[in-house]
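Residue-level listing of the chains:
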Amino acid sequence: MVEEAKVVLLGSGFSMFGMRAKIALAEKGIKYEYMEEDLANKSPLLQEMNPIHKKIPVLIHHGRPICESLIIVEYIDMVWPNNSPLLPSDPYHKAQARFWADFVDLKVYHASRRVWISKGDEQEVAKKDFLESLKQLEEFLGDKPYFGGDTFGFVDVALIPFYCWFYSYETFGNFKVEAECPKLISWAKRCMQRESVSETLADEKEVYEGILDYKDKFMLN
Amino acid sequence: MGSEDVKLISFWVSPFAKRVEWALKLKGVEYEYIEEDIFNKSSLLLELNPVHKKVPVLVHGHKPIAESFIILEYIDETWNQYPLLPHHPYQRAHARFWAATAEEMLMEAAWIGMCTSGDDQENAVKAAREAMEKIEEEIKGKKFFGGENIGYLDIALGWIPYWTPVWEEVGSMQIIEPLRFPGITAWMTNFLNHPVIKDSLPPREDMLVYFHSRRKALSSSFQGRFKF
Numbered sequence: 001m002v003e004e005a006k007v008v009l010l011g012s013g014f015s016m017f018g019m020r021a022k023i024a025l026a027e028k029g030i031k032y033e034y035m036e037e038d039l040a041n042k043s044p045l046l047q048e049m050n051p052i053h054k055k056i057p058v059l060i061h062h063g064r065p066i067c068e069s070l071i072i073v074e075y076i077d078m079v080w081p082n083n084s085p086l087l088p089s090d091p092y093h094k095a096q097a098r099f100w101a102d103f104v105d106l107k108v109y110h111a112s113r114r115v116w117i118s119k120g121d122e123q124e125v126a127k128k129d130f131l132e133s134l135k136q137l138e139e140f141l142g143d144k145p146y147f148g149g150d151t152f153g154f155v156d157v158a159l160i161p162f163y164c165w166f167y168s169y170e171t172f173g174n175f176k177v178e179a180e181c182p183k184l185i186s187w188a189k190r191c192m193q194r195e196s197v198s199e200t201l202a203d204e205k206e207v208y209e210g211i212l213d214y215k216d217k218f219m220l221n
Numbered sequence: 222m223g224s225e226d227v228k229l230i231s232f233w234v235s236p237f238a239k240r241v242e243w244a245l246k247l248k249g250v251e252y253e254y255i256e257e258d259i260f261n262k263s264s265l266l267l268e269l270n271p272v273h274k275k276v277p278v279l280v281h282g283h284k285p286i287a288e289s290f291i292i293l294e295y296i297d298e299t300w301n302q303y304p305l306l307p308h309h310p311y312q313r314a315h316a317r318f319w320a321a322t323a324e325e326m327l328m329e330a331a332w333i334g335m336c337t338s339g340d341d342q343e344n345a346v347k348a349a350r351e352a353m354e355k356i357e358e359e360i361k362g363k364k365f366f367g368g369e370n371i372g373y374l375d376i377a378l379g380w381i382p383y384w385t386p387v388w389e390e391v392g393s394m395q396i397i398e399p400l401r402f403p404g405i406t407a408w409m410t411n412f413l414n415h416p417v418i419k420d421s422l423p424p425r426e427d428m429l430v431y432f433h434s435r436r437k438a439l440s441s442s443f444q445g446r447f448k449f
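Chains as they are written, first to last, in the working numbering: chain H, 1 to 221; chain C, 222 to 449.
Since the hints were derived computationally from the structure, they do not count as laboratory data. Keep in mind that the hints are not guaranteed to be accurate.
[What the hints assert, rightly or not] Computed cross-link-like contacts, SDA-like style, restricted to lysine to any residue with a CA-CA straight-line distance of at most 25 Å:
1) C:K284 to H:E206
2) H:K183 to H:V125
3) C:K361 to H:E48
4) C:K284 to H:P85
5) H:K54 to C:K361
6) H:K107 to C:K361
7) H:K119 to C:Q444
8) H:K94 to C:P310
9) H:K42 to C:S441
Treat the numbers as computed from the prediction; the structure is a model and nothing was measured.
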């Protein structure tokens with residue numbers, strides 16, 4: 001019998017990127033050691049494993065690091081293909097999945113950050129961009145239960161961690177995602193019924209408190 | 222598989238679009254090249270890539286695929302000859318990481334260096350050289366990033382040997398120092414000498430004219446971008 005090589009995940013706090021890796025590992029039923037990083041005081045391990053960016057998440061497998069959350073999820077999907085395949089098998093649908101996961105990083109993430117960081121006119125623009133990006137995703141989702149169709153997959157993993165941040169964006173920005181994107185909220189609730197998601201996503205009020213804390217410590221009013 | 226017609230919506234001087242051409246040519250895939258004027262976008266482009274409205278777009282049997290790295294992976298998965306990505310999951314992750322990292326760190330800095338002057342340019346060049354240092358570590362001892370043959374990462378970084386010297390000239394700056402980056406310098410020669418690459422490059426003079434006009438148009442856009 002071959003012993004399973006040790007799997008370690010470096011993550012931090014409420015990072016939606018770390019959550020992607022956790023969800024993928026949970027979907028596959030992989031046992032791993034989770035190490036919480038203090039990003040204000042990065043461990044020697046993190047600095048050794050991700051010397052270029054010094055960011056989390058980092059997956060360490062067979063002693064070697066894999067960095068960047070979507071690259072990590074693809075790695076997990078390839079190494080453990082049997083449970084819960086996350087990417088479709090045909091190249092075109094795979095390309096579509098990668099496109100929309102990439103879209104989450106390019107559009108949703110950056111706009112969402114501006115929503116909780118900025119104020120006034122800048123914040124209004126951020127809100128508009130954020131909701132616009134969600135509407136585009138909602139359009140791609142259509143009437144499908146998940147982004148890839150009938151089964152939970154790559155784009156779902158890429159986007160669902162943001163759901164526990166929605167409360168914060170809504171509170172800082174004074175709006176409701178459900179009012180603009182009801183289908184997306186239904187999709188999110190459907191995902192939350194999966195143990196891999198419900199066990200991984202942080203409590204939305206804790207995320208909000210965390211942001212208030214961060215703003216207090218690191219940002220001028 | 223792959224017998225349906227292939228079209229590439231492209232722009233002659235786009236380094237992103239060129240990647241796709243290289244991949245198709247290396248695999249010997251026949252395609253129709255469609256030139257797009259990115260300053261006057263066609264309804265075809267807006268229909269095929271409504272989300273980003275950018276080139277390149279690959280159309281395979283009426284199915285559009287956008288974003289150059291995603292297109293490269295699609296091409297590699299659809300046409301099996303001349304594999305571009307490594308087979309091993311770790312090596313694949315490694316190649317993808319470096320393609321994304323070079324894009325984020327080097328390309329942006331080099332572009333901003335080309336468009337700016339003074340302190341702004343100095344900071345951009347510094348950032349670009351730091352990124353180059355890291356890439357130098359990756360090429361050490363290898364003919365190509367892919368080993369003996371051109372691979373995914375060579376294609377992803379393939380803009381460096383031809384576009385960077387043009388940007389350097391337009392911006393009156395230097396990013397690639399041969400003595401400091403001997404591995405990259407050697408790789409650049411190997412890459413540009415490859416028959417598929419050599420015959421696909423846009424004319425240097427035309428590129429200089431084009432990028433001079435871009436520098437003029439964008440010079441005020443990047444002030445204060447890099448802070449050290």
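Hint check results:
1. For the suggested pair K284 of chain C and E206 of chain H, the alpha carbons sit about 43 Å apart, so the restraint of at most 25 Å is broken.
2. At roughly 23 Å between alpha-carbon atoms, K183 of chain H and V125 of chain H fall within 25 Å of each other, so this suggested pair holds.
3. Under the criterion of a C-alpha separation no larger than 25 Å, the hint pairing K361 of chain C with E48 of chain H is consistent with the structure, at around 20 Å.
4. Only pairs whose Cα atoms come within 25 Å are accepted, and K284 of chain C paired with P85 of chain H is accepted, the gap being roughly 23 Å.
5. Our distance criterion of 25 Å between C-alpha atoms is met by K54 of chain H and K361 of chain C, whose separation comes to about 23 Å.
6. In summary, the hint linking K107 of chain H to K361 of chain C is not supported, as the alpha carbons are separated by about 36 Å, beyond the 25 Å threshold.
7. Between K119 of chain H and Q444 of chain C the alpha-carbon distance is near 23 Å, which keeps this suggested pair within the 25 Å criterion.
8. Between K94 of chain H and P310 of chain C, the direct Cα distance comes to roughly 16 Å. Compliance with the 25 Å bound is thereby established for this hinted pair.
9. Distance hint between K42 of chain H and S441 of chain C is unfulfilled; the C-alpha atoms sit about 37 Å from each other, more than 25 Å.
In this structure, the earlier hints numbered 1, 6, 9 are contradicted, and the remaining ones agree with it.
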